[in-house]
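J.: Sequence:
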Amino acid sequence: MELKKVVITGGPSTGKTSVIEHLESKGFPCVHELIRSMTLSEKKEAGNTDFSVNPIVSVKDPKKFNQQLLEGRIKQYTDAGNTVGEVVFFDRGIPDVHAYMNCFGQEYDEAFERPCHIYRYDKILLMPPWKEIHVVDNERFESFEEAERVYEYLKSTYEKVGYPITLVPKGSIEERTEFILKQLNLY
Numbered sequence: 125m126e127l128k129k130v131v132i133t134g135g136p137s138t139g140k141t142s143v144i145e146h147l148e149s150k151g152f153p154c155v156h157e158l159i160r161s162m163t164l165s166e167k168k169e170a171g172n173t174d175f176s177v178n179p180i181v182s183v184k185d186p187k188k189f190n191q192q193l194l195e196g197r198i199k200q201y202t203d204a205g206n207t208v209g210e211v212v213f214f215d216r217g218i219p220d221v222h223a224y225m226n227c228f229g230q231e232y233d234e235a236f237e238r239p240c241h242i243y244r245y246d247k248i249l250l251m252p253p254w255k256e257i258h259v260v261d262n263e264r265f266e267s268f269e270e271a272e273r274v275y276e277y278l279k280s281t282y283e284k285v286g287y288p289i290t291l292v293p294k295g296s297i298e299e300r301t302e303f304i305l306k307q308l309n310l311y
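For reference, each letter of the sequence shown is one residue, going 125 to 311 in my numbering.
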């Protein structure tokens, strides 16, 4: 059986990471989000502790930051090919990079879009904005309104590169995990 590569994505504060961690606790292989560690590293390197918006806007060299993020996501994708099992879950996918760049009005060339067509996932699960769980913290800077905008850009970017989107309904971590596993016939 061929390994299924499944992206769980959404704007900030949608519960993605909590669901990923829950799937991992159930024994499913999961690939974690890179941007949190990259943001902390950038803040340290630049001596900037006051990011007030998304890191791709706040960093010293946004294009370089996004290039490193894209390369990191491609590496995660290729490394995941060695995963044993039926499925591997990704906390965000390669198309998230240029979705965020579009959302925040950053220019990019074809090199940012091409990987979206080369490295393909089997299923895209999108989590909608959820005001009741939205928080701003040291690595998450977007207001709820920005989170809603990010969601729209993620949805349109994945659709533009040819993916059907499955929306994950709001609910408890267990309910959302059960929904995901049923979508993949793993429950």
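Hints are computed from structural coordinates only; laboratory data are not their basis.
The structure presented is a predicted model; accordingly, all values stated were derived computationally and were not measured.
Worth double-checking, as some hints may not be accurate.
As the list claims (entries may be wrong) - Quick list of in silico lysine-lysine cross-link-like pairs, DSS-like style, CA-CA up to 30 Å:
1) Lys255 x Lys294
2) Lys150 x Lys187
3) Lys255 x Lys306
What the hints assert, rightly or not - Here are the computed distance ranges between Cβ atoms for each label pair:
4) Arg238 x Asp203: 35 to 45 Å
5) Pro252 x Lys306: 17 to 27 Å
6) Leu310 x Thr202: 16 to 26 Å
Don't be surprised by glycine CBs; every beta carbon is placed ideally from N, CA and C.
J.: Output the numbers, in ascending order, of every earlier hint that fails for this structure.
T.: 2 and 4
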